[in-house]
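Chemist: Sequence:
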Amino acid sequence: MIPFFRKIRKKMADDNKPIKYARYAVGEIVLVVIGILIALQINNWNEERIQSKELDDLMKSISSAVKSDLKYLNMIKTGRETIGERADSIFNAYIDKKVNHMTFDDYAYVANTISDLTSTIYFQPNTSSFEALKNSIYLSKLHGKDIELLLHTYYASAARIEKIEAEYNQSLKNDYQNWSNEFRNRGKNLLESPWYYAETEEKLDRFLEILRAESTSELYSNGFEEMDMIDLYELQIVLGAKYIEMVGNGQRNFDEQTKIDLSGILNSYDEVNTLNLMVNGKVASNFTMIYSQSSNEYYSGITYEKDFVEITYPDTTLLWGSPFFSVEALNGRVTEMDFSKYEKVVLEMKGAQGGEEFFLMMKDKFDPPDGKESRVGIKLTETWEMYEVPTSQFITADMNMIGTPLGFVFLGDKGLKIYVRSIQFY
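0 is the number of the first residue of the sequence shown in numbering that gives the first Met the number 0; add one for each residue after it.
It is possible that some hints are incorrect.
[Stated by the list, open to error] Calculated cross-link-like contacts (lysine to aspartate or glutamate; reagent style EDC-like; alpha-carbon spacing at most 16 Å):
{"hint": "1", "residue 1": "Lys258", "residue 2": "Glu244"}
{"hint": "2", "residue 1": "Lys187", "residue 2": "Glu213"}
{"hint": "3", "residue 1": "Lys349", "residue 2": "Glu304"}
{"hint": "4", "residue 1": "Lys258", "residue 2": "Glu147"}
{"hint": "5", "residue 1": "Lys144", "residue 2": "Glu255"}
{"hint": "6", "residue 1": "Lys364", "residue 2": "Asp397"}
{"hint": "7", "residue 1": "Lys76", "residue 2": "Asp227"}
{"hint": "8", "residue 1": "Lys76", "residue 2": "Asp115"}
{"hint": "9", "residue 1": "Lys281", "residue 2": "Asp260"}
{"hint": "10", "residue 1": "Lys76", "residue 2": "Glu224"}
{"hint": "11", "residue 1": "Lys416", "residue 2": "Glu309"}
{"hint": "12", "residue 1": "Lys76", "residue 2": "Glu233"}
{"hint": "13", "residue 1": "Lys140", "residue 2": "Asp56"}
{"hint": "14", "residue 1": "Lys59", "residue 2": "Glu147"}
{"hint": "15", "residue 1": "Lys70", "residue 2": "Glu233"}
{"hint": "16", "residue 1": "Lys144", "residue 2": "Asp55"}
{"hint": "17", "residue 1": "Lys202", "residue 2": "Asp104"}
{"hint": "18", "residue 1": "Lys172", "residue 2": "Glu217"}
{"hint": "19", "residue 1": "Lys97", "residue 2": "Asp204"}
{"hint": "20", "residue 1": "Lys76", "residue 2": "Glu164"}
{"hint": "21", "residue 1": "Lys371", "residue 2": "Asp397"}
{"hint": "22", "residue 1": "Lys97", "residue 2": "Glu200"}
{"hint": "23", "residue 1": "Lys349", "residue 2": "Glu384"}
{"hint": "24", "residue 1": "Lys59", "residue 2": "Glu130"}
{"hint": "25", "residue 1": "Lys416", "residue 2": "Glu304"}
{"hint": "26", "residue 1": "Lys416", "residue 2": "Asp314"}
{"hint": "27", "residue 1": "Lys281", "residue 2": "Asp306"}
{"hint": "28", "residue 1": "Lys343", "residue 2": "Asp397"}
{"hint": "29", "residue 1": "Lys133", "residue 2": "Glu53"}
[What the hints assert, rightly or not] Label pairs and their in silico Cβ distance ranges:
{"hint": "30", "residue 1": "Gly353", "residue 2": "Gln169", "range": "53 to 63 Å"}
{"hint": "31", "residue 1": "Arg211", "residue 2": "Ala165", "range": "22 to 32 Å"}
{"hint": "32", "residue 1": "Tyr303", "residue 2": "Ser88", "range": "15 to 25 Å"}
{"hint": "33", "residue 1": "Asp115", "residue 2": "Thr382", "range": "44 to 54 Å"}
{"hint": "34", "residue 1": "Tyr71", "residue 2": "Ala155", "range": "12 to 22 Å"}
{"hint": "35", "residue 1": "Ser391", "residue 2": "Lys52", "range": "46 to 56 Å"}
{"hint": "36", "residue 1": "Gly370", "residue 2": "Met74", "range": "40 to 50 Å"}
{"hint": "37", "residue 1": "Asn252", "residue 2": "Ser294", "range": "43 to 53 Å"}
{"hint": "38", "residue 1": "Ile35", "residue 2": "Asn399", "range": "53 to 63 Å"}
{"hint": "39", "residue 1": "Gly353", "residue 2": "Thr302", "range": "14 to 24 Å"}
{"hint": "40", "residue 1": "Ile28", "residue 2": "Asn125", "range": "50 to 60 Å"}
Derived by calculation from the structure, the hints in this document are not laboratory data.
Quick reminder that beta carbons are idealized off the backbone N, C-alpha and C, glycines included.
Based on the sequences and whatever the hints tell you, model everything.
Modeler: The following block contains the structure:
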């Protein structure tokens with residue numbers, strides 16, 4: 000291409016002899032500069048293409064590592080859930096309840112549970128690819144992108160899990176050591192290996208005596224702490240799955256729905272115009288749902304189904320009941336949130352029979368629990384419908400410091416049952 004232009008330029012210069020050499024020289028310089036610029040542009044393009052490919056390869060390598068993490072996380076989650084359920088059943092069936100007989104299976108169940116409980120498990124994330132990305136020149140290319148925030152959140156959350164597990168496992172080891180020291184020559188083997196002992200009344204009495212000892216109960220109660228870790232694993236799985244999805248789709252930034260879904264997890268509510276308090280019956284991260292009522296006795300009243308929440312107010316039992324949401328972000332250190340940007344709350348609900356009546360309420364951080372907060376009446380039908388309430392109707396609530404984003408208020412002695420699928424603030 001350049002030789003072609005050069006011939007044309009030379010012919011034009013020859014037509015004007017006095018200045019042909021000057022024209023020719025300037026033209027040569029221009030052509031050289033253009034050639035250099037083109038070469039630089041091609042070089043930059045090639046370098047950018049190479050760096051983009053290497054960044055993509057690193058991102059895919061991290062995705063493979065996260066996939067491995069998630070498989071192990073699901074295994075740990077199942078293991079801890081199992082231990083928690085078994086510990087609960089042992090308290091219910093053998094410790095808190097009077098027992099006159101135990102079969103071989105009963106003995107084995109208790110013994111195997113203590114064996115599984117004291118076999119410590121822990122999450123070890125594969126961080127090699129992420130460390131390679133951090134130490135490369137490519138991390139800056141993700142700066143300001145949502146996927147960078149997601150990555151850092153995933154590995155920060157993983158580090159938090161490692162720390163909590165390390166503390167728990169050490170506490171468990173200490174409890175087991177104390178228990179072993181107490182019963183080393185006084186029945187430790189009987190509780191851990193009961194099948195080696197003949198079936199006698201003395202065996203049953205001594206087995207239950209050891210099982211109901213304070214130190215044994217403390218050891219088994221570690222299973223309940225394992226259940227408390229489940230939310231941490233579920234959060235980690237959500238973050239990892241979203242990263243894998245985004246890498247697979249070649250995304251660097253969240254779509255609007257993802258911003259809403261992850262707003263609580265990433266503490267980025269200010270970046271979205273919609274806040275999901277509940278989605279398909281699942282309470283969003285950084286919020287929790289509690290049932291408060293007039294009785295001092297515990298009443299759950301909240302049942303989580305596949306894609307909705309069932310809320311029950313018992314008949315002829317209470318003077319009032321109030322299932323409500325509270326803010327619990329950053330491990331419970333943040334208990335309020337600015338809701339001033341949201342103009343309305345929209346709920347998808349239905350009644351068990353239709354005609355159910357109750358109130359909705361919102362409360363700020365300093366609203367006293369005296370029942371004097373603003374309320375909005377709701378009457379349901381027996382089919383799923385959307386109910387929209389302007390936040391301006393909750394006059395007593397300071398929207399700049401909301402502690403109770405939403406609550407249901409049931410009054411009187413007439414029972415009712417309602418279903419809630421989604422709650423969103425706009």
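Chemist: With reference to the structure, classify each hint as holding or not holding.
Modeler: Status of the hints after comparison with the structure:
| no. | hint | verdict |
| --- | --- | --- |
| 1 | Lys258 to Glu244 | holds, 14 Å |
| 2 | Lys187 to Glu213 | holds, 14 Å |
| 3 | Lys349 to Glu304 | holds, 14 Å |
| 4 | Lys258 to Glu147 | holds, 14 Å |
| 5 | Lys144 to Glu255 | holds, 14 Å |
| 6 | Lys364 to Asp397 | holds, 8 Å |
| 7 | Lys76 to Asp227 | holds, 11 Å |
| 8 | Lys76 to Asp115 | holds, 14 Å |
| 9 | Lys281 to Asp260 | holds, 11 Å |
| 10 | Lys76 to Glu224 | holds, 13 Å |
| 11 | Lys416 to Glu309 | holds, 7 Å |
| 12 | Lys76 to Glu233 | holds, 8 Å |
| 13 | Lys140 to Asp56 | holds, 14 Å |
| 14 | Lys59 to Glu147 | holds, 14 Å |
| 15 | Lys70 to Glu233 | holds, 12 Å |
| 16 | Lys144 to Asp55 | holds, 14 Å |
| 17 | Lys202 to Asp104 | holds, 15 Å |
| 18 | Lys172 to Glu217 | holds, 12 Å |
| 19 | Lys97 to Asp204 | holds, 11 Å |
| 20 | Lys76 to Glu164 | holds, 12 Å |
| 21 | Lys371 to Asp397 | holds, 14 Å |
| 22 | Lys97 to Glu200 | holds, 15 Å |
| 23 | Lys349 to Glu384 | holds, 6 Å |
| 24 | Lys59 to Glu130 | holds, 14 Å |
| 25 | Lys416 to Glu304 | holds, 14 Å |
| 26 | Lys416 to Asp314 | holds, 10 Å |
| 27 | Lys281 to Asp306 | holds, 7 Å |
| 28 | Lys343 to Asp397 | holds, 14 Å |
| 29 | Lys133 to Glu53 | holds, 13 Å |
| 30 | Gly353 to Gln169: 53 to 63 Å | holds, 55 Å |
| 31 | Arg211 to Ala165: 22 to 32 Å | holds, 30 Å |
| 32 | Tyr303 to Ser88: 15 to 25 Å | holds, 21 Å |
| 33 | Asp115 to Thr382: 44 to 54 Å | holds, 47 Å |
| 34 | Tyr71 to Ala155: 12 to 22 Å | holds, 18 Å |
| 35 | Ser391 to Lys52: 46 to 56 Å | holds, 53 Å |
| 36 | Gly370 to Met74: 40 to 50 Å | holds, 47 Å |
| 37 | Asn252 to Ser294: 43 to 53 Å | holds, 49 Å |
| 38 | Ile35 to Asn399: 53 to 63 Å | holds, 60 Å |
| 39 | Gly353 to Thr302: 14 to 24 Å | holds, 20 Å |
| 40 | Ile28 to Asn125: 50 to 60 Å | holds, 56 Å |
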